[in-house]
Amino acid sequence: MKVIALLLFVAALSGGCRKLLENGTPPNQLTTDKVFADSASAEAALVSAYAYLNVNVDPALNRYLGLYTDELNYTLSDQSVSDFYLGKVAVANTADLTAWRSLYQVVYRANDVIGQLAVSDLPVPTRAQFTLEARFLRAYAYFQLVNIWGNVPLLLTTEVNANRSAAQALPEAVYAQIVSDLVAARDGLGAAYHGAGRVRANKWAAAALLARVYLFRGDWANAEAQATAVLGSGLYTPLPAAANVFLAGSTETILSVYTVNGFITDAPVLIPTTLTGALTFPVSNALTGAFEAGDQRKVNWLRSYVSGSATYTYPYKYHNRAANTSAAENLVLLRAAELYLVRAEARAVEQYGRGGTGPERGAAARGAGGFTGDVERSGLAGRGEPGAARGTVPGKRQPLFLPEGERAVVR
Amino acid sequence: MKKWILFSVVAVLCLFFGRVWGQGLAGRVVDERGLGLPGATVRLGAAAGVTDSAGRFVLPGLGSVSGEMVVSFVGYEGYRGKFVDMVVLRPVAGTLSEVQVVGYGSVSRRLNTGSVGSVGAAELRAQPVTNVLSALSGRVQGLFVQTTNGLPGGNVSLQIRGKGSLQAGTDPLYVIDGVPFASSVVPAGNIVIAASVTGPVSPLNSLNPADIESVSVLKDADATAIYGSRGANGVVPITTRRGKAGAARFEVSLAQGVSRVGTAPGLLGNADYLALRREAFRNDGLLPTATTAPDLVVWDTTRSTDWNRYFFGGTGRSTELQAGLSGGSGGTLYNLSGNYHRETAVLPGDNRYGRGGLHWSLQQAGPGQRWSLLFSGAYTADANRLTNVVNNASTAVILPPDYPIYDAAGAYNWNIFNPEAVQEATSKIATENLLANMVAAYRLLPGLELKLSGGYNQLVMDQAEIFPSVALFPGTANYTNFGRNAVRSVILEPQLNFRRDWGRGTLSVLAGATYQARNAPGETSQGTNFTSRSLMENIGSAGTVVAANSYTAYRYVSLFGRLTYNWQDTYVLNLTARRDGSSRFGPEHRFGNFGSLGGAWLFGRLVPFLSSGKLRASYGLTGNDQIPDYQYLSTYGSSASYNYQAFAALVPTRIANADFHWETTRKLDVALELGWWKDRLLLSVDRYRNRSDDQLVAYAIPYLTGFNTYQANLPAVVENTGWELSLNAQYVRGKRLNWSGSFNLTLPHNDLVSFQDFATSSYAQTLQLGYDITRVTGYQLLGVDPATGLAAYAKQGSSPYLYNTLGKQTPDFYGGWGNSLAYGNWQLDVFASFAKQMAKGGLFTSPGLKYNSYALVLDRWQHPGDVTGIPKASTVNDPYFTSSSANFFNASYFRLKNVALTYRLPRGWRVYAQAQNLFTLWDRRAPLLDPESGALTATAKNIPPFRTILAGFQINL
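Going down the list, the protein sequences come from chains A and B. Using the working numbering, read the first sequence as starting at 910 and increasing by one per residue. Using the working numbering, read the second sequence as starting at 275 and increasing by one per residue.
Please note that a few of the clues may not be correct.
One-sided excerpt, in silico: chain A residues whose CB lies under 7 angstroms from chain B [stated by the list, open to error]:
| id | residue |
| --- | --- |
| 1 | 938 |
| 2 | 948 |
| 3 | 954 |
| 4 | 960 |
| 5 | 1013 |
| 6 | 1062 |
| 7 | 1063 |
| 8 | 1066 |
| 9 | 1069 |
| 10 | 1072 |
Source of the hints: derived by calculation from the structure; they are not laboratory data. Glycine included, every Cβ here is placed at the ideal spot set by N, Cα and C.
Throw the hints in and build the complete structure from the sequences for me.
Written as structure tokens, this is what we have:
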């Protein structure tokens, strides 16, 4: 009897122990499975990755890359900042670490959206839309990572125990993933923007980033094809006047990041409050000198003041440094002008090969009509042949991208 | 849930099943406290039997009473006489016979294979304490008790055999009548803890000390492995009072007492303070102005206030009333009691603490002792209202002595803060505690018993902390913190006990299972900008409300067993095992196995000059699971800074790690227990070594995973070793005069043995391999330059280095010394506790600033050539000074913890006087309010324990 009773106890316990331990999920905490069981909360999780680009990534990258590429100077003495200006970033540089972290945070958020939606019960179209947007964001972050740091770990899930000891991947592998994500996004997303404004990736955003990726990989034919397709959509042309490029409603914008109060997070650092004293991050003479006289972009996108014997120039693409809802500005990630440049460069190389001289390539670009858009805006069109003085096509990057530092350096 | 229903079904089935067996004469052998004595021999005429684990016996085949009954049990006075079904045995003098409550049972101290300390009702009742835990101070070797806040409701921390965890909690597991009891109600880090003058509130306050029969302290693996994953930090089973056999007895006792803070810090007097300040200005070559030195220029320097006395100099009055009915016969034992306690605190202003409660227990045994039922419970409610002088706690006692409460215009002086205005802030804490417990036992066969134990505990704590504008710096918005936190816990434990003679010894087997469910919902909110002060407890009147809630559900299942073989009271072998499952861990890591092996050799009979001797040893594995729930879940939270389009953004807030499990502690314990002169002198020496591995920490992970830490097990080993010594002596044993004494001493040692990748870890500076994990770090003061009077600190590079080892928090040794003297009807108990330890001092600034300082700054550098350790007075604070070795002090103490004098009258009436914390020997030069509670700082509200003197009487009707 006692043996039977004992056995009964053991039998009673061994089977159901696991079930007895079920404690559910805490109702006051938003566990990941709950977030992705509802389309509104899943979308709220997805958009936080976009917001992160403005709130964290841009402030951690833009000005440091501007310093690194001599677009900006630095007038204070914080070593973690001056390292970038001097072009010798130490391994322990905290600003470098912050930039690295911020991009991997975007990767994490995107991966979580992708991974969770794969097992979610949400309607298929919703899952596809959000997943493809997340893949676009992941590609965007990896593009920055691979261009800045070279060999980087390629993480595609949020498996923490695998990720924490992940090895670096070769750039080829990272690029292959970027292209795969972008092709999927281009083919799967529609031309319409999700929600108000142009603040969510659509088909053309994916194509535009893809054009840039192909260009960087030397795949000229594809780069040209993608650029042509985007420009041919008619959504982003004609280009607006230089003063209006960065306003929230700008036609030229292919993709921008929404700002809650109408100004980008990094603006208060770059745009001075008062026009006296030394500027922390003045625009370098090399950059101001890269413009030709009368270039409307220089007129609109740079501002100067004199303090003592020095002249300080600061970037003024974005005007708002505090809340401004009447002329709101979003952080522009992709805009049509770049695609003219991409197409021009691609055509130039296709025509003359990479060994061609600057003037030849420039001529090719002009011949191909590549610059038309941006040259018109510069206000230089009609002043005769732009000529060899304007240098090589790659040289055009600087005036085009100034203060969008993160794109000036990539290459 | 279904499974425990199944248990009940099995239990009920067995009840019917079992009826077939066993006819005979049955009864029970218990000690004075009603605890069953297992293994007692019972003879009646020719029939004989042995009691089971609950003290029950059956004499098979006997239908009627014939012959003389003889009951014997080692260490107890035997019974000889006519048959009774409830035999109460009294222990022969000497503590070896006492029955100690251990996990899922009790065992005589003589035969115990584990390291167990116990404190009985007599020792508890001699101490006028509000929280039963503070009555344990110095009583048990290996148990370090620190009353960190003497206010009613204040926290008392217990540490059994040292701190073995870097980050996880190290509270022992409290088990009240078999029901695990929460060691905290409000989750750590909550606003209602931070803003209360009592800090964290110990839930054990809502337990009436007079209702407690015994407190055991289980220390080694043999005693704690049966609690598996919760046993690493020791276990404290608390047993409440039960009815005693005999005629109905109605007891009433009433006592009244006064409390004052017993220790005072050595602050500077007004003259010394003013001289120091003037010297500071002289040294700096400055002239005091109304802005820089109102204490010298504006305020009336002839007036002086002792601010320590102002804040902590009050007298608290307490009243204690207990009434109870107990008794029992014919298989029924009952105990019903009620209690009321109130006290006022030493703080200025309106302070009241009130506690009332009911306690009940009913035991009924069936005919023939075949079944028994125990039904017990307690309900306690307390309300604590205190002046909440927390906002400036760290500067309270060190206001300048000439600091005026009112300025020249008659308004409150807010230069530093206003000591009178802050008293307008109040803290209110109300707690309700319901404990209910039922144990049903049924004897299936002689020696085989089935038991089902179930319990419920509900603790609800309501808090409100009211800060009206008048109590805050002018211009600060008023606010109230509200908190309502509860813990509800259900436990169900079916058990089988089996006992039989086997070979020349006795085999006892316990098999059982546990199911526990605990839910803890909580809400806290802060209302600001109330429209009117009278509406500050009405959250609807707040201008802004910020609210948060918390919720945890915890499930725990386990199987456990114990096998004890006692070979002729000479060799005892004890094996315990537990398989635990806890919802606190990831789905794949919820189950774990624990166990221990213990043995004892009783060799007293073999050695001529010894009356008893025991060598015991145990080794085993226990776990620690004191981390927050749900760490294995990944979560999102809202964050307005990432709002996007029309969406309130959700951002990841925790990354899931499914791969963490409990910390494991391997405990080794070897002890020698010796007795001389019929056990009138008992010596026990324990050597223990606990090694805690798999430390649960917020583990640093690379940022590319999305987060920088997650909950994980760190392969770091913390070792606690130590010696424990205890001596019990009966110096005089006579008809009228009895004098006995006890002494215990613990020498603990803590060591961080290994740590993977220590040098690159986030602990590299705060901890040190091969050193105590309670390491205190700071700047090293090298000395004061005799020429300039400036302090010099040890540097790394060009700046002073913060992470020098100053010392540790673990005491070098601690213990207690007690004496008990009885003469005729008089009884005097005196108990002292002591500790040798270091503590961070309360120096708030370097000397010379607008705060009072302690007497030690009188030794400061004053003239070139002075050789001293205190730098010169200056109006500029030396930021390193207060975090340096100059602010780390010897906080050793010898405290006359308790003196109790009782006069016994006939019929059990008694009159008594008791004193707690009567006086303390310590180094009064140390800038501490009290050596036990430490210094008063902004984060730790270490208000000294009170000196309480109480007188009362008990009458029986």
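Hint check:
1. Because the beta carbon of residue 938 of chain A sits about 5 angstroms from the nearest beta carbon in chain B, less than 7 angstroms, this interface hint is met.
2. Hint status for residue 948 of chain A relative to chain B: violated, with the closest Cβ pair at about 11 angstroms, above 7 angstroms.
3. Because the closest C-beta pair between residue 954 of chain A and chain B is about 5 angstroms apart, less than 7 angstroms, the hint holds.
4. Taking 7 angstroms as the C-beta contact cut-off toward chain B, the hint placing residue 960 of chain A at the interface holds, the least distance being around 4 angstroms.
5. The interface hint given for residue 1013 of chain A holds, since its Cβ lies 4 angstroms from the closest Cβ of chain B, which is under the 7 angstroms cut-off.
6. Taking 7 angstroms as the C-beta contact cut-off toward chain B, the hint placing residue 1062 of chain A at the interface holds, the least distance being around 6 angstroms.
7. Hint status for residue 1063 of chain A: violated, given a least beta-carbon distance of 10 angstroms to chain B, over 7 angstroms.
8. Taking 7 angstroms as the C-beta contact cut-off toward chain B, the hint placing residue 1066 of chain A at the interface is violated, the least distance being around 11 angstroms.
9. Because the closest C-beta pair between residue 1069 of chain A and chain B is about 5 angstroms apart, less than 7 angstroms, the hint holds.
10. For residue 1072 of chain A, the interface hint holds, the least distance from its beta-carbon to any beta-carbon of chain B being 5 angstroms, beneath 7 angstroms.
The structure fails hints 2, 7 and 8 (numbered hints given earlier, in ascending order).
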